[in-house]
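J.: These are the residues of each chain, in order.
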Amino acid sequence: MSENKMKDAAYRSPDERQAEKNSKYTPKSIFLNGVLYENPALRLVLGTCPLLAVTISAKSSLYMGLAVLFVLTASEAIISLLRNVIPNKVRIPAFITIIATFVTIVQMLISAYFPALNDSLGIYIPLIVVNCILLARAETFASKQKVLPSILDGISMGVGFTLALLMMGSIREILGCGTFFDMQLPLFGDVIEPMMFFMLPPGGFFVFGICICIVQAVMKKQEKHASSKSSTPCGVAGDKSDCLSCGGCSLCKGKEE
Amino acid sequence: MAKEFLIIIFSAILVDNFVLSKFMGICSFLGVSKNIKTAMGMSGAVVCVMLVASAITWPIQHLLLNPLKLGYLQTLVFILVIAALVQMIEMIMKKSMPPLHKALGIYLPLITTNCAVLGVTILNINSNYSFAESMVNALGAGIGFTLSLFLFSGVRSRIDKADVPESLKGLPITLISASLVAVSFLGFKGLVENLFGG
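Residue numbers (this note's numbering), protein chains in the order written: chain B, 1 to 257; chain Z, 1001 to 1198.
There could be a bad hint or two in this list.
Lysine to any residue pairs mimicking SDA-like chemistry, simulated, CA-CA at most 20 Å apart [said to hold, decoys possible]:
#  : chain 1 : residue 1 : chain 2 : residue 2
1  : Z       : 1169      : B       : 210
2  : B       : 89        : Z       : 1171
3  : B       : 220       : Z       : 1170
4  : Z       : 1069      : B       : 176
5  : Z       : 1069      : B       : 112
6  : B       : 89        : Z       : 1087
7  : Z       : 1169      : B       : 122
8  : B       : 220       : Z       : 1171
9  : B       : 146       : B       : 70
10 : B       : 224       : Z       : 1069
11 : B       : 221       : Z       : 1069
12 : Z       : 1189      : B       : 176
13 : Z       : 1189      : B       : 196
14 : B       : 89        : Z       : 1080
Hints were generated in silico from the structure; no laboratory data involved.
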């Protein structure tokens, strides 16, 4: 019944969360946490749906990242402001409503001012609502912390996600199309044949797999280096409280078995 | 008419498979594909919720939001409807179909944030499908989800026995094998045009 256990971890507040509440956050630690140690895409593996779908070009990845950055920061700010008002029992629907509001704002702004972008991102804009990152951060951070740290957390998580998207998008666009932000790169085309594979859906899985592999390898090496500093940043890989929303992402499953 | 339905269902299952070509529901795809039993439980629940959600959101959009010019509330309304719906289905199942609840129940709460469900309801509206077409599309999407989960859980049980390099262990090798499964689905490109001359 590992799923049941996971459900419990998601809906009640476990010890880890209490510990998290008590621990002090400094701006620097929040920022490094969001961008590096707990990079939502590459370390926590949240929000894989847009990550794989829109990274066919660097441009659409960047815009998607910025959209998530905005929604994340704004919703974390509001949730943090309302954290003492929202009753505990209905907090998840309340969070979803707040997030959906900001997603709708983004959706309307994009369709009004960037119609071309609307075509390329399409269905994936409304799907930001169900992006695991948003609910996970709302639950683990914004609902416990004051406004300023929450905003900072939103920005750093958003930047981390944007960077990961941009990296994937660049790799896929350069290898698959021979261009970067729609600019033709010198060697590609004549000398190196662009590989269509990277633009197609399987290429997304492949590049993501390789990226995570590299990140894991690097982190392992670093951990070995810093083994004297024993405290691992909370939430990395094993922290189940981040998994409430993602429908059982593979990381928490792997840890439980 | 029947031909259109066939085109929709074939594209949803094979050509534009929700998981492998639209990347919706990846979280649960990677999470529950460890063995066939949980994979089938999850897929059953997803098919169920997709069908009911499509049946409810289509009238909401066309009979409520559109006449009142509230189309922009689509995202907000749909996600809340789906969340409430999942809760309700769980309660009804618990009361009237205990065996089914035992099999699917634990997966239901996880479905709210499965983007495949919200995705299919929004796609139904965006593609201007009629009510019947929406239902067919939802069914196709559900079967496509089931098919890819089923195939992939088979692949993963083989990976467990394989000797994988240290740094590829876990998620990376899973994603790379998902990539290979997705390659095989690329083979279905053009299938609909060839079959139905569309």
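J.: Run every hint past the structure and note whether it holds.
T.: Evaluated hints:
With a C-alpha separation of about 11 Å, the suggested pairing of residue 1169 of chain Z with residue 210 of chain B holds against the 20 Å cut-off. Using a Cα cut-off of 20 Å, the hinted pair residue 89 of chain B and residue 1171 of chain Z is violated, with the two alpha carbons roughly 34 Å apart. Of the supplied pair hints, the one linking residue 220 of chain B and residue 1170 of chain Z holds, its CA atoms being roughly 14 Å apart against a limit of 20 Å. For the proposed pair residue 1069 of chain Z and residue 176 of chain B, the alpha carbon gap of about 42 Å is over 20 Å, so the pair is violated.
Our distance criterion of 20 Å between C-alpha atoms is met by residue 1069 of chain Z and residue 112 of chain B, whose separation comes to about 17 Å. Of the supplied pair hints, the one linking residue 89 of chain B and residue 1087 of chain Z holds, its CA atoms being roughly 14 Å apart against a limit of 20 Å. Our distance criterion of 20 Å between C-alpha atoms is broken by residue 1169 of chain Z and residue 122 of chain B, whose separation comes to about 34 Å. Using a Cα cut-off of 20 Å, the hinted pair residue 220 of chain B and residue 1171 of chain Z holds, with the two alpha carbons roughly 15 Å apart.
Between residue 146 of chain B and residue 70 of chain B, the direct Cα distance comes to roughly 18 Å. Compliance with the 20 Å bound is thereby established for this hinted pair. Of the pairs offered as hints, the one joining residue 224 of chain B and residue 1069 of chain Z is violated, with about 59 Å between alpha carbons and a cut-off of 20 Å exceeded. Distance restraint check for residue 221 of chain B and residue 1069 of chain Z: the Cα-Cα separation of roughly 56 Å exceeds the 20 Å cut-off, and the hinted pair is therefore not satisfied. In summary, the hint linking residue 1189 of chain Z to residue 176 of chain B is supported, as the alpha carbons are separated by about 19 Å, within the 20 Å threshold.
Restraint check: the Cα-Cα separation between residue 1189 of chain Z and residue 196 of chain B comes to about 15 Å, which is no more than 20 Å; the hinted pair holds. For the proposed pair residue 89 of chain B and residue 1080 of chain Z, the alpha carbon gap of about 16 Å is at most 20 Å, so the pair holds.
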